[in-house]
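Asks: Hey, can you work out the whole structure from these sequences and the hints?
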Amino acid sequence: MLRKKTCVAMLLAGGQGSRLGILTKNVAKPAVPYGGKYRIIDFPLSNCTNSGIDTVGVLTQYQPLELNAYIGSGAPWDLDISNGGVFVLPPYQKGKSGEWYRGTANAIYQNIAFIQQYNPDYVLILSGDHIYKMDYNAMLNFHIRHGADATIAVREVPWDEASRFGIMNTDSEDRIIEFEEKPKKPKSNKASMGVYIFTWEKLYKYLTEDEADKSSSNDFGKNIIPNMLRDKQVLVAYDFNGYWKDVGTIESLWEANMDLLENPMPIDMHDKKWRIFAKNPGMPPHYIAKGATVADTLITEGCEVYGNVNHSILFAGVIIEEGANVESSVIMPGSVIRRGAVVRRSIVAENATVGAGAIIGEEEGNIAVIGQGVTVPAGVSVPAGQQVDEAYTF
Amino acid sequence: MKDVMGLIYTGENDARLRELTITRAIAAMPVAGRYRVIDFLVSSLVNSGIKNIGVITQKNYHSLMDHLGSGKEWDLHGKHDGLHILPPFLTRENVGLYPGLLDALRSNSNFLIRSKQETLVLSNSGIIYNAKIDELVRFYKDTGADITLLYTPDPSMRRDEYGTYISVAENGDVTDMEVEPTHPTCPNCYMQVLVIKRELLRDLVDKAVSHGLHSLDRDILLQMIRNKTAKVNAYEYKGKAWQIDSVQSFFRFNMEVLDSKLRKGLFRDDMPVYTKVRDEMPAYYGDSATVVNSLVADGCQVEGRVENSVLFRGVKIAAGAFVKNCIIMQDGQVHEGAYIENCILDKQAIIKRNARLIGPEAYPIVIGKDVII
Numbered sequence: 001m002l003r004k005k006t007c008v009a010m011l012l013a014g015g016q017g018s019r020l021g022i023l024t025k026n027v028a029k030p031a032v033p034y035g036g037k038y039r040i041i042d043f044p045l046s047n048c049t050n051s052g053i054d055t056v057g058v059l060t061q062y063q064p065l066e067l068n069a070y071i072g073s074g075a076p077w078d079l080d081i082s083n084g085g086v087f088v089l090p091p092y093q094k095g096k097s098g099e100w101y102r103g104t105a106n107a108i109y110q111n112i113a114f115i116q117q118y119n120p121d122y123v124l125i126l127s128g129d130h131i132y133k134m135d136y137n138a139m140l141n142f143h144i145r146h147g148a149d150a151t152i153a154v155r156e157v158p159w160d161e162a163s164r165f166g167i168m169n170t171d172s173e174d175r176i177i178e179f180e181e182k183p184k185k186p187k188s189n190k191a192s193m194g195v196y197i198f199t200w201e202k203l204y205k206y207l208t209e210d211e212a213d214k215s216s217s218n219d220f221g222k223n224i225i226p227n228m229l230r231d232k233q234v235l236v237a238y239d240f241n242g243y244w245k246d247v248g249t250i251e252s253l254w255e256a257n258m259d260l261l262e263n264p265m266p267i268d269m270h271d272k273k274w275r276i277f278a279k280n281p282g283m284p285p286h287y288i289a290k291g292a293t294v295a296d297t298l299i300t301e302g303c304e305v306y307g308n309v310n311h312s313i314l315f316a317g318v319i320i321e322e323g324a325n326v327e328s329s330v331i332m333p334g335s336v337i338r339r340g341a342v343v344r345r346s347i348v349a350e351n352a353t354v355g356a357g358a359i360i361g362e363e364e365g366n367i368a369v370i371g372q373g374v375t376v377p378a379g380v381s382v383p384a385g386q387q388v389d390e391a392y393t394f
Numbered sequence: 001m002k003d004v005m006g007l008i009y010t011g012e013n014d015a016r017l018r019e020l021t022i023t024r025a026i027a028a029m030p031v032a033g034r035y036r037v038i039d040f041l042v043s044s045l046v047n048s049g050i051k052n053i054g055v056i057t058q059k060n061y062h063s064l065m066d067h068l069g070s071g072k073e074w075d076l077h078g079k080h081d082g083l084h085i086l087p088p089f090l091t092r093e094n095v096g097l098y099p100g101l102l103d104a105l106r107s108n109s110n111f112l113i114r115s116k117q118e119t120l121v122l123s124n125s126g127i128i129y130n131a132k133i134d135e136l137v138r139f140y141k142d143t144g145a146d147i148t149l150l151y152t153p154d155p156s157m158r159r160d161e162y163g164t165y166i167s168v169a170e171n172g173d174v175t176d177m178e179v180e181p182t183h184p185t186c187p188n189c190y191m192q193v194l195v196i197k198r199e200l201l202r203d204l205v206d207k208a209v210s211h212g213l214h215s216l217d218r219d220i221l222l223q224m225i226r227n228k229t230a231k232v233n234a235y236e237y238k239g240k241a242w243q244i245d246s247v248q249s250f251f252r253f254n255m256e257v258l259d260s261k262l263r264k265g266l267f268r269d270d271m272p273v274y275t276k277v278r279d280e281m282p283a284y285y286g287d288s289a290t291v292v293n294s295l296v297a298d299g300c301q302v303e304g305r306v307e308n309s310v311l312f313r314g315v316k317i318a319a320g321a322f323v324k325n326c327i328i329m330q331d332g333q334v335h336e337g338a339y340i341e342n343c344i345l346d347k348q349a350i351i352k353r354n355a356r357l358i359g360p361e362a363y364p365i366v367i368g369k370d371v372i373i
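Chains as they are written, first to last, in the numbering used here: chain A, 1 to 394; chain B, 1 to 373.
The hints are all genuine.
Which bits of chain B does chain A cover? Going by a derived footprint, with three or more residues having C-beta under 8 Å, they are:
#1 28 to 42
#2 257 to 263
Cβ-to-Cβ under 7 Å is the rule here; a few derived chain A residues that face chain B:
#3 G36
#4 K37
#5 K290
#6 A295
#7 T300
Because the hints were derived from the structure by calculation, they are not lab data. All C-beta atoms in this analysis are idealised placements derived from N, C-alpha and C, irrespective of residue type, glycine included.
Replies: This is the structure in structure tokens:
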């Protein structure tokens, strides 16, 4: 018998993230590296730990191998505890049936048994799509104070972009009166962040009803939230004003990385009270050689820099050889940029090699991407916006 | 290696490290930007498959305990065996400070009795190495020795007036030993790492301590070799080892890690060195940063000029500051316009605006923990 938990978090990590192109060919989106030493999932997991939520289910489905290995026992986030911790929850066979997760709501529905082990009062629903630091405990207190059935974290977005989001129309007391998915003429600019807290009893009821409705697409935004509003349940909007960045596309992932080079940094990564935890590769400090230049750049452990790096982010174990020029780029773990190569406005995925004198990306235009493990031959050019995987012919 | 255990003694003399060892044992000395001396020893043992490791602490051991914790970073937190920190305690025959290694071993004989492994690797903590201990143990077993010592012929390990030196025959047998000679004449430095049967060690320790003896090297090993009462042989460590026994040798080690070849020999992909993780973000270099031949850890913020230096985690070098041939430990700061050369800044030391501090290369200036200049 497991002890009761006030709040259990469920992290939806099953999506492919197809808009990240070749970066998610072999890994699920939450496992995509970010910010020099993190992966996207480090942010929601660290937020959980920092918020005092110690029981987290991670729902996986697409390319889960790397994500599973990364999460491991949960030790980096202090989630390797005996009463609670982090659990990877793939879909599984049940009696005669068994199926993939059909939608966000269905994924939670299929894990009702997991949640009920902890007999929680509340369930926090998260996604692995954003870079942000958020106190879920403050949101939970808000939920309790408002006697809400569901609380949806919202963020004010520029009015001209509001029609791209799920928009919450609220009254003066933060109560949600209407939810509009991508409205043509938005009445509010409060966009849903995809972070929900439900009173478990209520969510259980709506998940069960939604499952019985064969016409439903089993989605929180499309079905569960509208159904609760229809039934006049108490739904409230929780305003979040901090840094919040979608990293769902190549461009936005690149931008989110570059944000860390802003002065002051829009997301405070030095805050000792709210650290972002990550699995440590166990490498020595990085080395900057004589003749190297580094400016406006983040560099982590295990790197060796002999060339020139400007306005870029180097992940663990990256090697920049003599005379190589790296500008406005993100170089992921274990990659090597050989002598005289030029890399501009690019993302180089893990363990890739850019051959001597090769030219990747351009000063302007879209972000070029070199896929995981790809070797770019010496001297070739890869234009802006090009994605290069093993099948690419130079 | 299932039947091999490790035991690390951290009580060596640290007077020559001056302020640096006021609050910590040599084993807990911060080195190479993010490590402590003991990380190399524990990682060597762990990478060689040893899962039961005792660490005998002497004085100033708070920092060491804090660093080692449950042993999680070294995967030593399992249900069976794992990491055991063995602080000194008051018993009938022991009042806290051990007069010598033998007394320390005697005092912790319970740990030796309770352990299940038949073979024991004993190491001091004043020497940094990354050795394949499993190869040492294999040599010990294959040669049927009673005791096998680890040694290096590296002349940089020789010291006048202390240390233990050995002559080794072609078949590995130790033919001569000198303990704390004024000028060593034996060609090899014994690295204070040996392999022995656990029961034999217990037996030797009991006999020696009850006869009022304290030194393992002088009172046991030397006698065995001279009187040929046991088969003592030695195995050569082919890698580079560093003795951390003075401010100078501490400084030199950190400077030598800047050499790519030496660094790659110490930090090998197949033998990673584990340490306590601090979860700092990557180091940030500003527009005005100039960095030459330096090792920089995560969490640093560099805006100024840094040459031939080692920056530990969370160090800040302001624009217009110049740091040359320095070791700056965790969370140290050098403010605008300051110039420092041949300095060792202990944790959280701060060099304020426009300060100038130039130490001689052979005798670096040590700025104590939390000191502001």
